[in-house]
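First to last, the protein sequences are chains A and B. For the first sequence, position 147 matches number 147 in the numbering used here, and the numbering has no gaps at all. For the second sequence, position 209 matches number 1209 in the numbering used here, and the numbering has no gaps at all.
Simulated from the structure, these hints should not be mistaken for lab results. Some hints could be false.
Unchecked claim - With a Cα cut of at most 35 Å, we get these calculated DSBU-like pairs of lysine-lysine: (1) Lys151/A <-> Lys1141/B; (2) Lys80/A <-> Lys1119/B; (3) Lys151/A <-> Lys1119/B; (4) Lys1141/B <-> Lys1020/B; (5) Lys1229/B <-> Lys151/A; (6) Lys1080/B <-> Lys80/A; (7) Lys1072/B <-> Lys151/A; (8) Lys1236/B <-> Lys1196/B; (9) Lys1072/B <-> Lys82/A; (10) Lys1196/B <-> Lys1238/B; (11) Lys151/A <-> Lys1124/B; (12) Lys1005/B <-> Lys80/A; (13) Lys26/A <-> Lys1130/B; (14) Lys1168/B <-> Lys1020/B; (15) Lys1119/B <-> Lys1141/B; (16) Lys1196/B <-> Lys1229/B; (17) Lys26/A <-> Lys1236/B; (18) Lys1080/B <-> Lys151/A; (19) Lys82/A <-> Lys1024/B; (20) Lys151/A <-> Lys80/A; (21) Lys1168/B <-> Lys1229/B.
Stated by the list, open to error - Selected chain A positions facing chain B (Cβ under 7 Å, derived; list incomplete): (22) Thr152; (23) Phe154; (24) Ser164; (25) Met167; (26) Gly172; (27) Val173.
Said to hold, decoys possible - Non-contacting residues of chain B with respect to chain A, defined by C-beta distances greater than 10 Å in every case (computed): (28) Gly1014; (29) Asn1017; (30) Asp1059; (31) Thr1060; (32) Gly1067; (33) Pro1074; (34) Arg1084; (35) Ser1122; (36) Gly1152; (37) Ala1178; (38) Asp1180; (39) Glu1185; (40) Asp1192.
Every residue gets a Cβ at the ideal spot worked out from N, C-alpha and C, and that includes glycine.
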Amino acid sequence: MDFYLTALLQGLCFAGIAFGIYISMKIFNIPDITTDGSYTLGGVVTGILLTHNQPGWLILLAVIAAGAAAGALTGIIHTKLKINALLAGILVMTALYSVNLTILGRSNLPLLSLPTLFSVVNFLTDPNQNSLIILSLFVAALTLLIGYLLKTDFGIAMRATGNSEPMIRALGVNTDRMKIIGLAIANALTALSGYLITQMQGFADISMGIGVVIIGLGSVIIAETLINWLQITSVWLSLVLVLAGAIIFQFVLALTLSIGVNPNMLKIVTAVFVLIIVGLPRLTSRNA
Amino acid sequence: MIELKDISKTFNAGKPNEVKALGKLSLEIKQGEFVVIVGSNGSGKTTLLNMVAGTIFTDTGTVTIDGNNATKLPDYGRSKWIARIFQNPLSGTAADLSILDNFRLAALRTQNKGLTIGKNESFKQLVRDKIAALGMGLEDKTEQPIGTLSGGQRQALTLLMSVMDECKILLLDEPTAALDPRSAEKVMRTADELIKQYNLTAILVTHNLKDAANYGTRIIQMGEGQILKDIPSAEKAKLKQAELFEWFG
Ligand SMILES: Nc1ncnc2c1ncn2[C@@H]1O[C@H](COP(=O)(O)OP(=O)(O)OP(=O)(O)O)[C@@H](O)[C@H]1O
Ligand SMILES: [Mg+2]
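Okay, chain B solo, but in the shape it has when bound (with noise of 0.2 Å):
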């Protein structure tokens, strides 16, 4: 689904404030895996999912998405196939709009925003099922700007938003660092039943060993801009909280 040859990140090359942020790195995610990332501060992270994202180019190498050459498609051009959930709550949602019409272009991700009128009162009923099913009693709310709301609920919403149109690949970015215990675990809860109901891809980087050891398929660490560690299956589940945190010592 996802496939990553020999990409690398330098930042401000050639300048004083030079950093690699990637070394020559390749990956490869199959359709329905879901890749846990841990790895330091700076390790790089955030630019390998930004670059599967679109919102940097490699330097080098290609990016692959769904057997679609993507290495120059920029990321309005990505959303057919890809939904994210960035790790400020702020910025996966337009503060100013109702949920509604968050959910409305959410719906249109893949799709053409064009000159009709499309929340009709079919689709308003729609939405707010989909977002009582969500048990956090916002259904109520869906005409109060968004930028109302907490920070928590933001992301559930958010994650509701990304199934809202066809979706094959979730990007994840820290999705819960900004919220307090019990909205995180609501939020990764969320997450993990929808891209087991949707079947989807998905890449969760997290600083949270407690996430990293519970959820996903697949677990990498990352260092210096480099893969240190690629745990499939068999043996993440095998894998202890406490074996993680050997990785960081």
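Excised from the complex, chain A in its bound form (with noise of 0.2 Å):
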């Protein structure tokens, strides 16, 4: 049980990946991946201010803006430059890592006795069900910020520039800046993955980061797959199946390890499960 119960809570974790790739991908239809460096370094910056003790919300903020400068920076150097968004993203990602190594100071800092986001409230006893409960809450509420985002006539303007460009242009909006706040939402929003993981397992790594990515996109084939079939239009529910394609994501990953595959092959199974999920809808509706 107990092991479900992490995977729900790395599945919560990850929605913040889940919904920024889902921003980046779906909604600005640009592939960024950024997202290694961007999460990695939203759990360094909490690591390292979280040693320093320094206050949670001052924490948050640091991490959203750490992200978000990350993001605008890939967004300035697609839109300003004209160097193809994946080119950008690894360019700003690998930077990063020389970023993100300066900050931390060495490779790995554990944080096991310190105070976090996951300690301010004691709901219940059992330290994984008081972490469901904060995780749960601090996720709602981040799934409300972007719906009603969404929502407002910026956001609308928002899925619209990943539609038509020339409409939208047509239409007052600078493409360019709204693409660089596209990436960096997208970014700060991946950033506290990072934040959220680093305080769960309680340390911080320089390599954390690797491969992520492919959470973000899996997350979000899983609820584009669902989004598809169930022929869903509303931004709520859609943002609702992102969440829980994150969710579905580390289900099928601990389901993986449980029946005794070995650790290190979890990414090539990582990679496979995305690409069934992928594969799956276009062979099917091949032969029908």
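Can you join these two chains into the complex? Each is in its own frame, and there are hints to help.
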């Protein structure tokens, strides 16, 4: 049971990445892989500020600002220098490795005895269950915030930017600026996942971000499959499904480990799993 | 309303694939004029329209719109005066967004898109009423993604969207090229009605000489980046479609 609880906790932590990828890939139609770097950045900033006994609100703000800055940088490189988004993301991600290492000062920083987000309030005595409540509240607030944003006039303009650029420019929107803001939001959300995971697992690690982009992609693709299948147009439901996608993804990984798959093979299992969810709808529709 | 002075455009200047799209060209369009532009493929009509819209900048000269020097103003900065209908019906709307969302953005063409929810009940009703007046039976589909509609339906809605916010200039680049004859006629008539009703300054690019003869107050023929003929209002009224055909002889 504890085993699935851990998967659920992980899934909730990764909701930020899933929302981030949803915004960059689905809303803006930009393949952004700054993710690995901005996720670690979130974790590293959290770790270092926690060990310096900074207040919780400051840590949260710093993580959001750091992630947003990383995303904005990718956006600026992509729009102003007209460099392919994938390459822009790789450049920033690569540079962030040095930044993260400099901030952290070493490759691993344990936080075990420090008070974290998960020890601010004690709703329940079982620490995992207590974390679940705090995490659920946090993710619920995040979902509401993004959902509201996407419903506003600004949010509609964001969604239109990924859809028809000539149209939205003719309607008075500076699409370069919009994409920079969009990537900033996406990577701020990704950094929040790093913030949560670091506090959940009790350490920040320079290599914690390797391959996390696949978690976001997998979650969004699961969500997209459900969205298409159920023909959902509502923004709120789509977001809930992205959240569900992040949780389902972690459950599948947990299940794989529980049936005795070698943890070293986890990344390949992840890749194959994403391949299956991407490939399956195409294969079945071709036969139909 | 629109004043183009000595504008010109050369694409890929200095390269082997250099194209002189517009020569030194000057054109003045007064408030309320409805200018029809005809001309063979590649004569520079779209380039001219793009310069008015601000999607490309002129190499020389100046562009003045509504008394403002707009030579270096990008397209999103000119939306306070200009609404556009694209040749491709898919370009003028955001396919995945609902009809309502598309209209919401259009209603803010000249304004800031802020962090408030503006799609309230009265706005929804306003959109439904406007769409109902179109007589295409689309008023009950406002929550549907606009991409589920046909090209003709989308083009007609794009026209309505252009007058959702204050509009002075309407640019139409072959708005009916991708449509069947009936939808094309419907869209052209809707455009003509809106232009008259809102007293818009309009530029229509078309290859349809029947439309060129029937609509507009002034007709311009372009060729090789230059204005070949410019027929003002009084003479245009007398101009027959057959004579227009001869221009292309
Ligand atoms: N972005 C561009 N890059 C290079 N050449 C261009 C570009 N846009 C237009 N041209 C060239 O400029 C010339 C004028 O093109 P334009 O699109 O203005 O013609 P048009 O009159 O609208 O033609 P049509 O009736 O086919 O739409 C053409 O030779 C075209 O190939
Ligand atoms: Mg053209």
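Consistency of the hints with the structure:
1. Lys151/A <-> Lys1141/B: Given that 35 Å is the threshold and the Cα spacing comes to 19 Å, the pair holds.
2. Lys80/A <-> Lys1119/B: OK: Lys80/A and Lys1119/B at ~33 Å, within 35 Å.
3. Lys151/A <-> Lys1119/B: holds (9 Å)
4. Lys1141/B <-> Lys1020/B: Cα-Cα ~45 Å, so violated.
5. Lys1229/B <-> Lys151/A: violated (50 Å)
6. Lys1080/B <-> Lys80/A: holds (24 Å)
7. Lys1072/B <-> Lys151/A: holds (33 Å)
8. Lys1236/B <-> Lys1196/B: This hinted pair holds, its Cα atoms lying about 17 Å apart.
9. Lys1072/B <-> Lys82/A: holds (20 Å)
10. Lys1196/B <-> Lys1238/B: holds (20 Å)
11. Lys151/A <-> Lys1124/B: The given pair, whose Cα atoms are some 14 Å apart, holds under the 35 Å limit.
12. Lys1005/B <-> Lys80/A: holds (30 Å)
13. Lys26/A <-> Lys1130/B: holds (31 Å)
14. Lys1168/B <-> Lys1020/B: Roughly 30 Å between the alpha carbons, so the hint for Lys1168/B and Lys1020/B holds.
15. Lys1119/B <-> Lys1141/B: holds (16 Å)
16. Lys1196/B <-> Lys1229/B: holds (25 Å)
17. Lys26/A <-> Lys1236/B: Given pair Lys26/A, Lys1236/B is violated - Cα atoms ~50 Å apart, limit 35 Å.
18. Lys1080/B <-> Lys151/A: Distance ~24 Å between Lys1080/B and Lys151/A Cα, so the pair holds.
19. Lys82/A <-> Lys1024/B: holds (30 Å)
20. Lys151/A <-> Lys80/A: holds (28 Å)
21. Lys1168/B <-> Lys1229/B: holds (25 Å)
22. Thr152: holds (5 Å)
23. Phe154: This hint holds: Phe154/A lies near chain B, its Cβ roughly 5 Å from the closest one there, short of 7 Å.
24. Ser164: holds (5 Å)
25. Met167: holds (6 Å)
26. Gly172: holds (4 Å)
27. Val173: holds (6 Å)
28. Gly1014: Gly1014/B is indeed farther than 10 Å from all Cβ atoms of chain A, at 19 Å.
29. Asn1017: holds (19 Å)
30. Asp1059: holds (20 Å)
31. Thr1060: holds (24 Å)
32. Gly1067: Gly1067/B clear of chain A: closest Cβ-Cβ about 19 Å, beyond 10 Å.
33. Pro1074: violated (8 Å)
34. Arg1084: violated (5 Å)
35. Ser1122: The claim holds: Ser1122/B sits with its nearest Cβ about 15 Å from chain A, beyond 10 Å.
36. Gly1152: Its Cβ never comes within 10 Å of chain A, the nearest being 17 Å, so this holds.
37. Ala1178: holds (15 Å)
38. Asp1180: holds (23 Å)
39. Glu1185: Consistent with the label, Glu1185/B stays out of reach of chain A, its closest Cβ about 24 Å off (over 10 Å).
40. Asp1192: Since the minimum Cβ distance to chain A is about 21 Å, Asp1192/B lies beyond 10 Å and the statement holds.
Violated hints, in rising order: 4, 5, 17, 33 and 34; the structure is consistent with all others.
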